[in-house]
Amino acid sequence: MKKKKEEAKETTISFDEAMPGLHEGRYILRLFITGTTAKSVLALTNLKKICEEYLEGGYELEVIDLYQNPGLARDEQIIAAPTLIKKLPLPFRRIIGDMSDIEKVLMGLEIKQLQIRPEND
Amino acid sequence: MKKAEHLLSQATLQKSPTGIQGFDEITAGGLPAGRPTLVCGSAGCGKTLFGIEFLVRGTTLYNEPGVFMSFEETNEELIKNVASLGFDLEDLIKHKKIALDHVHIERSEIEETGEYDLEGLFIRLGYAIDSIGAKRVVLDTIESLFAGLLNQMILRAELRRLFRWLKEKGVTAIITGERGEDTLTRQGLEEYVSDCVIMLDHRVTEQTSTRRLRVVKYRGSLHGTNEYPFLIDETGFSVLPVTSLGLEHKVSNERISSGITELDKMLEGKGYFRGSTVLVSGTAGVGKTSMAAHFAEAACKRGERVLYFCFEESPSQLMRNMRSIGINLEPWAHRGLLQFQATRPTFYGLEMHLAVTHKAVNAFNPEIVIMDPINTFILGDTENEVKSMLMRIVDFLKGNQITALFTSLTSSESALESSDVGISSLIDTWLLLRDIELNGERNRGMYVLKSRGMANSNQIREFILTDNGVKLRDVYVGASGVLTGSARIAQEAHENAGLLRQKQDIERKRRELERKRKVMEARVAALHAEFKSQESEALKNLEAEQEIIRLQKMDKIEMAASRKSVTEKRKTKKHTKP
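Quick note, the sequences are listed as chains A and B, same order.
Position 105 (the first sequence) corresponds to 217 in this note's numbering; numbering is contiguous.
Position 70 (the second sequence) corresponds to 557 in this note's numbering; numbering is contiguous.
One or more hints might be untrue.
Stated by the list, open to error - Which residues of chain A face chain B? A few of them, derived with a C-beta cut under 7 Å, are:
| hint | residue |
| --- | --- |
| 1 | Leu-184 |
| 2 | Asp-187 |
| 3 | Lys-199 |
| 4 | Leu-202 |
| 5 | Met-211 |
| 6 | Asp-213 |
| 7 | Lys-216 |
Since the hints were made in silico from the structure, they are not lab data.
Heads up, the beta-carbon is just placed ideally off N, CA and C, and yes, glycines get one too.
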């Protein structure tokens, strides 16, 4: 836990300092959805909104329909849908659900902490 | 009757045979086809193995491929773990007979951000099923999901949907669950999987572990309700039906020799019934094993196969000992007609014994099974369990038309007729060996305590171990009880002497009679002679008297002639006379 905080601190610094040049800590995200179910659509819109707002230009988002690629569900160890996988930056995280709880999505993406940090400090 | 019920249950509910030894018997055909079954139990009770065997047997025996979705072990671990049981999962996976999917959930990397479902799991499972055309699915242990995901409401709803979905898919599924404190499973899975629930249990009593299986529930089907012991060994799972399936064994009228001519004579001259159960009980050292060896030898001579379980002696020791009474079992063992299974009863639990018996019998396919002795089991286990085990063995052997001979050691303090294990009701022919102490000797006596279905002898016979095997002799009933051993021999000599004396007596009497007859005859001859002499004398006297009368008459006439006058007077009178 302590380690994580330290890590987060480091990220904070680099994020603050390198705000415009995010490509260094570029976010690689994969969203796994199941067709056009309400949850899938909601998750996609929510995520897009969050990414636009917080990671503008600094992310790659791949949307994968599990129905089209069922084999990927096993390869990526997916059980819940929708699932967003944060491949990079590390640590690897899975964010499941329709992304309506923005706070939690940000925590999962480890963006929220960045935002709060300066206020706390 | 049973068949009819069986047909009925078949008509109403399709069953999917598991191929697990014994399990299909107690469930009358296997698991409900196309439905999920819950297999629950505590850690290490064999849930995973049950699932794996269900799939492996399914694909190898019934050509039904299967998917194994593991929530705990990784695929590599699983393959390694079941390889020790002789299952080559890798090969089956290569040939698309089995698909493994390890679901890994790491709580720490998951963030829940609103509504979700487990469609991912469904897709994975559906994909795996479709990729090999699976008919069987095992989910091991799906409750791990509860540790990985927080939203219980969603989870429960999704699990309900999953089981419904499995039903729609028409796959026969096994869902394993860890046993809870008061419930069958920790998360109450039994609520969702309500068609068939099987409980596995692993108990340790008196340092011996026993695995047990129970069908808690089986909707729409008859099933055995008992706890059945089961085994996991190098060939996988085997469940053993506790009580047999009823008293419906076919009986045989064929008779087989006990190997002892005199004993056969006591049993209507023909010996035991084939397929019957024989108990030889008695105190230590009365020759129970010798009787068993006789029986084994006789069977081998007929060309039958004998399976000999020895629980006290090693086979070589037994063979050496039997050679001393002229029974040579070694050639039969070499020719493969006689097989020994020697283990200490305490080596493993009762169920294991039962399973070993089952397996050995099935593998060797004998006509005769000998267990020598049965009551050593009591050392480690309670009497009741031993009895139920023996009942199962007896029923199993009877069902297979195998003649069984058990020996049982009775302690000299307890009543001779109470065999320790109290299995007399299971026994068809009961031979009792007892020692008779008399005149400073200890001799053996034998009698037939009971023998169902035949007019057996009621005699007590003396049982002698000679260089040429067991011999039975009549015993003498004397003033102080039955006579055996040297007392019997003395009695025999005594009787022989008596006989000789009697013979001599008769001879003597006959001679006496002859003599008397001769005396009588001599007397008769003497009398005869005497009579003759008397007769002739009497006759002579008679003649003499008649002569005198004649002479007197002559004298009178002469006198008359001399006295003339008188003669004239008398002349007239004389004329009238003739």
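Hints, verified against the model:
Annotation: interface hint on A/Leu-184 violated; nearest CB of chain B at approximately 9 Å, more than 7 Å. Against a cut-off of 7 Å between C-beta atoms, the interface hint on A/Asp-187 is violated, since the closest Cβ of chain B lies about 10 Å away. Residue-level restraint check for A/Lys-199 is violated (minimum Cβ-Cβ distance to chain B is 12 Å; threshold 7 Å). The criterion of a C-beta within 7 Å of any C-beta in chain B is not met by A/Leu-202, whose closest approach is roughly 11 Å, and the hint is violated.
Hint status for A/Met-211 relative to chain B: holds, with the closest Cβ pair at about 5 Å, below 7 Å. A distance limit of 7 Å between C-beta atoms decides the matter here; for A/Asp-213 the minimum to chain B is near 5 Å, and the interface restraint holds. With a least beta-carbon distance of about 4 Å to chain B, the hint placing A/Lys-216 at the interface is held under the 7 Å criterion.
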